[in-house]
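**Student:** Model the placement of chain B on the given structure of chain A, informed by the hints.
Residue strings, one per chain:
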Amino acid sequence: MSAVAQVQDVRKRYGSRQPWAVDGVSLSVAAGEAFGLLGPNGAGKTSIVKMLAGLTTPIEGSVRIFGADPLEPGARARLGYAPEEPDFPKFLRGDEVLDYFGRLCGLDAGERAGRAVEALGWAGLGGERRQVRQYSKGMKQRLGLAQALITHPQLLILDEPTSDLDPLGRRAVRDLIVELKQHGTAVLLNSHLLSEVEMVCDRVAIINRGKLVREGTVHELVPAGKTLEDVFIELFEGDRPTPGGFVGGWGE
Amino acid sequence: MKVLAIALYTVRELARRKLLYFLIGGGALLVILAGIGLVLLRANAPEGTVPVGDYSGFVLITMTTGISFFGVSFFTWIAAVAISVTLINHDLESGSVVSIFSKPVSRLEYAAGKVLAAAATLLVTSTVLGVGTWIVVLSQGGGHEAPLAKTFVLIAANQLTQMLIILPLSVRLNNIVAAIIGVVVVQLAKLVGTAHLLMHAIQDVGTPISSTVSDGFRLATRVVDVLYWLVPRYLESDLQKEVYSQSSDAAFSGSSPLINVSDWTDVAFWAAWIALLFALLFLALRSREV
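Protein sequences appear in the order of chains A and B.
To get my numbering, take the position in the first sequence, counting from 1, and add 3.
To get my numbering, take the position in the second sequence, counting from 1, and add 42.
Chain A with its partners taken away, still in its complex shape (with noise of 0.2 Å):
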């Protein structure tokens, strides 16, 4: 299979004396394919998704998306993009807010339209009246997985996307993931939530400190009788706070 997004031994640093925020990754996606990406705290992965969407630059190494340079705007046309703790011009409502992103998509008026319907309606936004400013935090993830969609992208990214969501919205961006493989669409997934990476995606990558620490499939990864939460954990166990003892020492 083509990979529709690459990246190739890439370094990210945030300023000369800052430690690498990703240093020498190298990993790809397939149509139709999820890839999870995983990895603690501060272990490099909205960095890779930043590189993969065109918003920050590497250092060293190359990205691409569709072959392109993910920094080329025509590049980025077939890609859906959902980020983490997303914002929207906060006195737009959220169906202006999908025609406005349409239009930057060079989506005419019809299609545009007949999207903002789709998409509201699949994140549970259609007939929503009121002014971004006024939306809740999952309000504001749903209509940042709508605005993802107005593309129908070929490549969709989405940075902790069921973060902020109910259980039902959870269901439905899995559900909407298996979906869109079979469409398919890449979908490369960062998430903490485990369980959810392990019930769909096809491929994972788990990095730690800017470093690619493991990468196959799910199958490859996780041994019988053992899920990907304990394969992580065993990895990173040296590394997590102390377990216990902390309410111990605050006395009766």
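There could be a bad hint or two in this list.
With a Cα cut of at most 27 Å, we get these calculated DSSO-like pairs of lysine-lysine [what the hints assert, rightly or not]:
| id | chain 1 | residue 1 | chain 2 | residue 2 |
| --- | --- | --- | --- | --- |
| 1 | A | K140 | B | K60 |
| 2 | A | K229 | A | K214 |
| 3 | A | K93 | B | K44 |
| 4 | A | K93 | A | K140 |
| 5 | B | K60 | A | K93 |
| 6 | A | K214 | A | K140 |
| 7 | A | K143 | B | K60 |
| 8 | A | K93 | A | K143 |
| 9 | B | K232 | B | K283 |
| 10 | A | K143 | B | K44 |
| 11 | B | K192 | B | K232 |
| 12 | B | K192 | B | K44 |
| 13 | A | K184 | A | K143 |
From chain B, some residues computed to sit far from chain A (all C-beta separations above 12 Å) [as the list claims (entries may be wrong)]:
| id | residue |
| --- | --- |
| 14 | P146 |
| 15 | A243 |
| 16 | F259 |
| 17 | L269 |
| 18 | I301 |
| 19 | S304 |
What the hints contain is simulated information worked out from the structure, not anything from laboratory work.
Cβ coordinates follow ideal geometry from the N, Cα and C atoms, glycine included.
**Tutor:** What follows is chain B alone, placed relative to chain A:
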């Protein structure tokens, strides 16, 4: 099309913020009060205390336009500062720019759309207040329509300069710091413009002064001349000149060297500054990681 989309939705956002209506309302109130004050002055003045004939028209129109322009200039200036500190900075700080920049839109198109929206908003603000002033002038006998219209366009142009100085700074700095630096730069530029006008007026008059003072003055004039070509220029219409030319009093002569009227060189210089500031805005946005 993408530039227009960004401009359209930015204008829509600005139109929904109460601040703009407050500023337009404040300016309009000042213009209306100026008009009412002049009507009352005329109606209640004892016989003979208000000059008559051309001179009367001159005084009234000067007062009207003076007060009104203060209102229009001041409130459009506040609008320019208030809009520019939030126009791009809020998108960056809130993170809404993340979703926008992941779409197939270049940062040049984003910058152009934002500036187009800002310019349109300033022009509308200036026009609304300008029409108010024109109505007041009309109530006092009318006249000066062409220079009045030119004045309001130039007010919007001047405030666009103010806005474009703040915008690139607001991409890199805290928006309050950006506003303070931007306002100081524009005030210094105005000071240089005024000093340039005054010094050349003194030279033209040819007042005899001692050689020591004369040398110092010449040096200062040269420094100001250099600065004058380095800082943004404040555009001024011929309204003041036209109004003053009605006066029969020599002190208010329309040919006074202290009355500055911008010519096409000044407009070209302004346009060059606008292009330079826009380029700075684009570069600030291009290098900004979100």
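**Student:** Does each hint hold? Answer for all of them.
**Tutor:** Structure-based check of each hint:
1. Between K140(A) and K60(B) the CA atoms are separated by roughly 24 Å; this keeps the pair inside 27 Å, and the hint holds.
2. Taken as a hint, the K229(A) and K214(A) pair is honoured in the structure, with Cα atoms around 24 Å apart against an allowance of 27 Å.
3. Between K93(A) and K44(B) the CA atoms are separated by roughly 20 Å; this keeps the pair inside 27 Å, and the hint holds.
4. Among the hinted pairs, K93(A) with K140(A) is consistent with the structure: their alpha-carbon atoms are about 13 Å apart, no more than 27 Å.
5. At roughly 14 Å between alpha-carbon atoms, K60(B) and K93(A) fall within 27 Å of each other, so this suggested pair holds.
6. The straight-line distance between the Cα atoms of K214(A) and K140(A) is roughly 31 Å, outside the 27 Å bound, and the hint therefore fails.
7. Taken as a hint, the K143(A) and K60(B) pair is honoured in the structure, with Cα atoms around 23 Å apart against an allowance of 27 Å.
8. Of the supplied pair hints, the one linking K93(A) and K143(A) holds, its CA atoms being roughly 10 Å apart against a limit of 27 Å.
9. A hinted pair counts as satisfied when its Cα atoms are at most 27 Å apart, and K232(B) with K283(B) qualifies at roughly 19 Å.
10. Distance check on the hinted pair: K143(A) and K44(B) sit about 24 Å apart at the alpha-carbon level, within 27 Å; holds.
11. Under the criterion of a C-alpha separation no larger than 27 Å, the hint pairing K192(B) with K232(B) is consistent with the structure, at around 19 Å.
12. Restraint check for K192(B) and K44(B): not satisfied, since their Cα atoms lie roughly 31 Å apart, outside the 27 Å limit.
13. For the hint linking K184(A) to K143(A), the alpha-carbon distance of about 24 Å falls within 27 Å, and the restraint holds.
14. A cut-off of 12 Å between C-beta atoms contradicts the statement that P146(B) is not in contact with chain A; the least separation is 4 Å.
15. No beta-carbon of chain A comes within 12 Å of the beta-carbon of A243(B); the shortest separation is about 48 Å.
16. With a minimum CB-CB distance of about 50 Å to chain A, F259(B) clears the 12 Å threshold, and the non-interface call stands.
17. Under the 12 Å C-beta cut-off, the non-interface status given to L269(B) relative to chain A holds; the minimum distance is some 36 Å.
18. Residue-level check passed: I301(B) sits 43 Å from the nearest beta carbon of chain A, beyond 12 Å.
19. The beta carbon of S304(B) is kept farther than 12 Å from every beta carbon of chain A, the shortest such distance being approximately 36 Å.
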